[in-house]
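Undergrad: Given next are the chains, with one letter for each unit.
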Amino acid sequence: MMSTRRVHLMPALALGSVAALLAACGGGSSAPPTTSAEPATPPASSPAAPTSGPSPTGAPLKVVAAFYPLQFAAQQVGGAAVEVVNLTPPGAEPHDLELTAQDVALIGEADLIVYIPGFQPALDEAIAQEAADRSLDVLTAIPDQLEGHDDHDHGDEDHGDEDHGDEDHGDEDHGDEDHGDEDHGDEDHGSEMGIDPHVWLNPLNMGIIGGEIASRLAELAPEGADSFATGAATLEQQMQSLNDEWAAGTAQCTNRLLVVSHEAFGYLAAQYDLTQVGISGLSPEAEPSPAKVAEVVDLVEAEGVSTIYFETLVDPRIAEVVASETGAQTLVLDPLEGLVEGATGDYVTIMQANLANVQAGNGCT
Amino acid sequence: MELLDYDFMRRALIAAVIVGVIAPLVGVFLVQRRLALLGDGMGHVALTGVGLALLTGLAPIPMALVVAALGAIVLELIRHRSRTAGDIALALIFYGGIAGGVLLTSLATGTASTALNQYLFGSLSTVSVNDLYALAVAAVGIVGILVIFGKQLFALSLDSDLAQSQGLRVVRLGMLLTVLAAIAVVVGMRTVGLLLVSAIMIVPIAAAQQVTRSFSSTTVIGLLIGVVSTTLGLIAAFFLDVPPGPTIVFLALGAFIVLATAGWLARGRHAG
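Quick mapping for you: the protein sequence lines, in order, are chains A and B.
For the record, in the first sequence the residue sitting at position 175 is 1647 according to my numbering, with numbers rising by one throughout.
For the record, in the second sequence the residue sitting at position 49 is 102 according to my numbering, with numbers rising by one throughout.
Ranges between beta-carbon positions, derived for each pair:
1) B:Glu55 to A:Gln1601: 43 to 53 Å
2) B:Asp58 to A:Ala1832: 28 to 38 Å
3) A:Gln1601 to B:Ser135: 41 to 51 Å
4) A:Gln1801 to B:Ile141: 50 to 60 Å
5) A:Gly1776 to B:Asn183: 26 to 36 Å
6) A:Glu1581 to B:Ser135: 38 to 48 Å
7) A:Glu1581 to B:Glu55: 57 to 67 Å
8) A:Ala1828 to B:Asn183: 24 to 34 Å
9) A:Ala1774 to B:Ala319: 51 to 61 Å
Worth flagging that the hints you see were computed from the coordinates, not collected in a lab.
The beta-carbon is built from N, C-alpha and C at its ideal position, and this holds for glycine as well.
So that you can see chain B by itself, here it is in the shape it has in the complex (with noise of 0.2 Å):
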């Protein structure tokens, strides 16, 4: 196939099959967990990161790793120690982030927006094979925590209360989730893109749930779902000239209207 005849193209569709995996196995635990919009907080977490490394002249990219980890303990904190619903937590972090991000920045006076966005923001036409090991590595060490806590993770999602009474630490295994979450996020930004990776991780699985009852079958239909928008919507831009990221994610969204369409369908059926 032509497409495949430039080297950026093969390195795209890498990263588009390595999101599609990765993004909706973390994001059935954030949407089960209400925390839907997590990925788009701990990316503007990760620009206090940035503030934070331009300010003291660290290295950025780690920086933003810490701080967007950092974040997402905070997060859980708030959520089990204040009584506070999870988007009220996502909220006060992402407002936080923001502030934190821009006020830092002019802080560190001189280096100004330009340089944030070359420290965050990728496009999958833009992948980098450096890009591609970040990526790796990420997957990797997610589906490794998965295999490891996957179950305790799948048990607090379901029901934190039941999994507590059955002896599960649910403030720690809260904490690994959403840092799981927020390295995910701060790693695809870089390479994919932010609005790629955080819908990715939400909507493929808001779509599969509109079709499946049980935590698997979701996490299976939305992991097909995510790999298939995120390859043919890479391709379909290709031929149609549009960038990848919002193609993917309008892809992304017409399996959310056509599973919600036939789900309601199947009820009203069933009801009938």
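One chain only, chain A, in its complex shape (with noise of 0.2 Å):
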């Protein structure tokens, strides 16, 4: 039978709401002062909408960006003089995402796209159709990327059974034939890259993602380069001091263990010196074994790790089963994919509170 992939949004309606949902807090919507380099910005504004206030240079360039830390960089690297639009609505988990034909005209006009490929299928076969030439992979500036499994013992076999484990979770997806199509989305988006696509989780990739933006911006609108690049040092010293912060704040931890329900960490762990475990892989949504849950609680017993992190954004239930088995409590650590609805936050804010809660749950000091 024809099942559905997973449900979406219609952006322009979502981002609408949300943008009225952000002006009724009355300025919420504006980033702190500590990160706000320019006048607050809607998280996305819809494509109708009208921009925040033409660059001096005339139209503002369009850039779309693939999901939220992108957006952010994008932003804070453009300022006024680009209008920047997040493909993945608020709330939603962007390994879901699924492109509406308003999303693929934006796709089809946009002066430059942002994105992981890997990440989001759907959004790489749109834009190997609709704007190869007009796409920047933002993976290709980063140093020391990871191997998708790095962290996960039974690497490979585990995922090839845990796609078919989809199918239990099945029609989570909306439906078994679907895995055809769908599966690459979820499991394999590691390892097909054979590369770790959650870079943006070390900041001092976000500083690089923003000079790679600042420059192919600078291509598109020359007489804005220098601000651009102002744009770019600004956000490099933000990511810079947010750096600092996490490194001051994780030197000493009673626990160097991260055990977190999705393996996104791992650029986090490594600039950290943290251990990632993940209970289910690469994928927030694989159907985790029972063989790996019981070995997550081994070792939390055997380590005495006191925390088990789960998303915003996913289902904590695989967190809570570890943390009920072992007695441990659960804290948010935010993979910052997305945020989710209403939140108020930014990268910056985010990052500190997932500090924060590593402090807490790892006994930092």
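Got two chains here, each in a separate frame; can you build the complex from them with the hints?
TA: So this is what it looks like as structure tokens:
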């Protein structure tokens, strides 16, 4: 039987209402003072909405960002001279991105599309068809890329099986038959590429991404090159100080194991000398095998881990199972793949909140 | 056994046994009535329920149950009132359910796919104590209704025309059965996953049918296959380090293949 793919929102509607919601919060949408170099911009502007102010040089450049951290970087770098649209609506899991006709049209019209290949298959396809020459693959600039399954001892077999496991969740994806085209979305994005895509969780990588965006924007609008360079430099500074905060904050921890529900935190762990243990692998939605759960339970008990981290956009069940099994507590560690609906924070404040939770959960002083 | 050292495995094992018993018990009627795909269909109708809940702010799970039950009733009405075959009626409900779920969730702005997933889908690896209660309540309800109406449902499933001529209210009985299945599916998908619950309704019965003739022996053997494949599948999944849902389904399919071959050989000897 045929099945639908994952449900998604009509972005214009969603974004419009989010903008309205944020407006209703009375300036809640503006970035906190520590991070805001530019005038407040709504997290994503509807394509139909008027732009936040034309740049001095004419119509703003249209930048499409695949998901939140890329949107943040593009906004920080481009400022008022660019209009950034985030393809993944707030509250949605970016892995699940499905494009509407309007999204594809947007990609077709955009001056620049910033994305990470292999992370959102629907977008990869759309870019290949509509905008291959106008896309910026931010992975290319990232040094020290991590392998997909680095922390996962059962590696690929495990995942191979978990692909079938999806059937069980199966119709979570709304349909078994979908697997043909859906699977790659879920589980294989790491192994297909061989590279863990979650690069943005190392703040220094965000600085690099900002630099890449600035140089591409400068090609598109040479008259704005200076302002883009300034934006990128500001972003890099912010990211440097965020990195310093994290490095200092995690220098002394009673435990360096980071037990997370899905392995999104490889770059973060590598940067701050933590060891990531994922319960369900790189994809947030693969059905965990009981053996893997048992293995994590044993590890948590053996190593005296006191906290299991779960994420904002994914069902916390699996983290709760391990926590209740071991008596550990659960805390949020936001992989920043997207903002939760109505969130008022930005990349920096969420990373700071993450740091606070890691400090509390891992006993860092 | 090492496996029973873990609370979550104990919960999974209990859930596996409950599903192994209850699902074939409902499934035997569905197979007889040519509604083998009802499980999947109802799983998708439940999506509309969650979409509706997101839109109206009501509680998702009860809404999913109500909408799935309504879908089951509509299914029976379509079958009886419009001279539509069971599989077509299922298809109509199924597609309607998906379309309704996607559309309503789109309208309920901002709350996206993951919300749907967490309301609707479980896995044996993550069964909670509350999930066990829900399963147990559903199980007791199903067994209770089967005890009360079993004979009538049996007559209905064997030959609905005959049942009608004997004065049974076939439409209402059909609705009762389908609603029962819908509730089993929604509770099951929430706790152990849709694949598991909808496959274990049908596959063990299909396997049993290969070697049995009577409804009652099909039920008993189907139930046996159901319980054995859910428990063995879970244990195998634990030791092989694979997800339990698909392992269990493959075991049940294996039983089908073995029994189908055995049945074929037996009939072959008979004929020759």
